[in-house]
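K.L.:
Chain A is already provided as a structure; the job is to place chain B on it using the hints.
Here is what each chain is made of, one letter per residue.
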Amino acid sequence: MNSDHLLQGLKERDPRAVAKAISLVENGDPLADSILASLDESLIDQALVLGITGPPGAGKSTLTNQIISYFRSQGKRIGVIAIDPSSPISGGAILGDRIRMMQHALDNDVVVRSMATRGRLGGLCAATGAAVRIMASSGCSHIIIETVGVGQSEMDIIRLADITALVLAPGLGDDIQAMKAGLLEVADLLVVNKADCAGAETLAMDMEAVARERREKNEGVIEVCMTVASEGKGIKDMLHVVAKIDEEYRQSGEIMKRRMKSHDLEVLDWAVELIKPKFLKMIAESDTSRKGDPRMKAVEILKKL
Amino acid sequence: MAETTHRYRVLIGKPGLDGHDRGAKFIARALRDAGFEVVYTGIRRTPEEIAAAAVQEDVSAVGLSSLSGAHLRLFPAVVDALGKSGAGDIPVLGGGVIPDEDISHLKQAGIVEVFTPGTPVDQIIQAFQQACEAHQGS
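So the protein lines, in turn, are chains A and B.
Note that my numbering gives residue 91 to position 70 of the first sequence, counting from 1, and the numbers run on in steps of one.
Note that my numbering gives residue 122 to position 120 of the second sequence, counting from 1, and the numbers run on in steps of one.
The reader is advised that the hints may include incorrect statements.
[As the list claims (entries may be wrong)] Listed next, the stretches of chain B that the computed footprint assigns to chain A, with coverage defined by at least 3 CB atoms under 8 Å from CB atoms of chain A:
#, stretch
1, 23-36
2, 55-65
3, 116-123
These are calculated hints, taken from the structure and not from any lab test.
No experiment lies behind these values; they were computed from the predicted model shown.
Where a beta carbon is used, it is the ideal one built from N, C-alpha and C, also for glycine.
Isolated chain A, as found in the complex:
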């Protein structure tokens, strides 16, 4: 397939064209450039990008499955990007998020793509942003990004998504402690999943306290929701909150502000990514002793540019 065929396929919502276009970007294929340059920007602007993040086992995939069901009941076309980690040893990966979403496998308006991090550490993969834009261009009005199971520092989702939900579950207390100086401070929505399990009330109270503190600091809308994703409970209320935040942020210009910032940072990411091989070569050539202060050497290398 050439790029014209692929672009036509995206317009026609051909699942193969969507999948091929994402692969081209993921593999750094030169054909990807002409596709990415010709996407439908107005569709991209209109789409809602919802981030789902949280520690491993909190129920992100199960929740995502229920969110798909709800949006589908409203006739929306949904894109899902589900990210799992690559092995640091072999570079391979098991992409297993789709198992929880197989009930939608035969629905042409649920576009699911599993992606591996391929060495990136922020909880997403480098091609996530492009995959979002490709899905939006193929008519997906709602795009869900499910991150890898996160620890403390996987903040990429906050900048890429319009709205980010942090999914927590009782019994993962140690993880919450670890995240306190992180995602809890920036997520738009705190979801207490497995709300039927022991400890959920306590967790919800803790989260309410976090939300109250942030509201008092006037850090925007921050809401706590309780769900039992495995039974579909609480999903509707949660998505009403999402819709409310979306409306408010679109009116206040917050969404556009976030997207502009996200754009700048994504460009920066790629600039760094693309110049890495050149820098590595310069470093290797400039000094064979490998001794001395690395920062000073970096300053010297930049002077040579």
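P.N.:
Chain B alone, transformed into the frame defined by chain A:
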């Protein structure tokens, strides 16, 4: 750190009602350790569901596992479903408890490789490697 360049993507799935997934998971892990990105779709899938997932995930090969004796019907059904989805180019490999006399039937029905109990795992990985290379070259 693992390199960020091209990786082969494959799908491992179990069609039909057979819930014994030890073999499928073993192969998925072995492929992961050999550097493949493995989309695992779990047990009790219809051939159509597997084909739709293979298309959306843009995999270069599909691996099926069956331990229940239904391979003669289900493996070719996945090949057919891929063809109907416009993805007849994606090679299908299969393994499980498969009698020797069934292997030629399966190959005639378009299954490119068939593995039985005792097939060395290296041979299986190599077969996936070759199937992916052939597919990307096509």
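K.L.:
All hints, please: hold or fail.
P.N.:
Hint check results:
no., hint, verdict
1, 23-36, "holds (count 6)"
2, 55-65, "holds (count 5)"
3, 116-123, "violated (count 0)"
Hint violations for this structure: number 3 only, all remaining hints satisfied.
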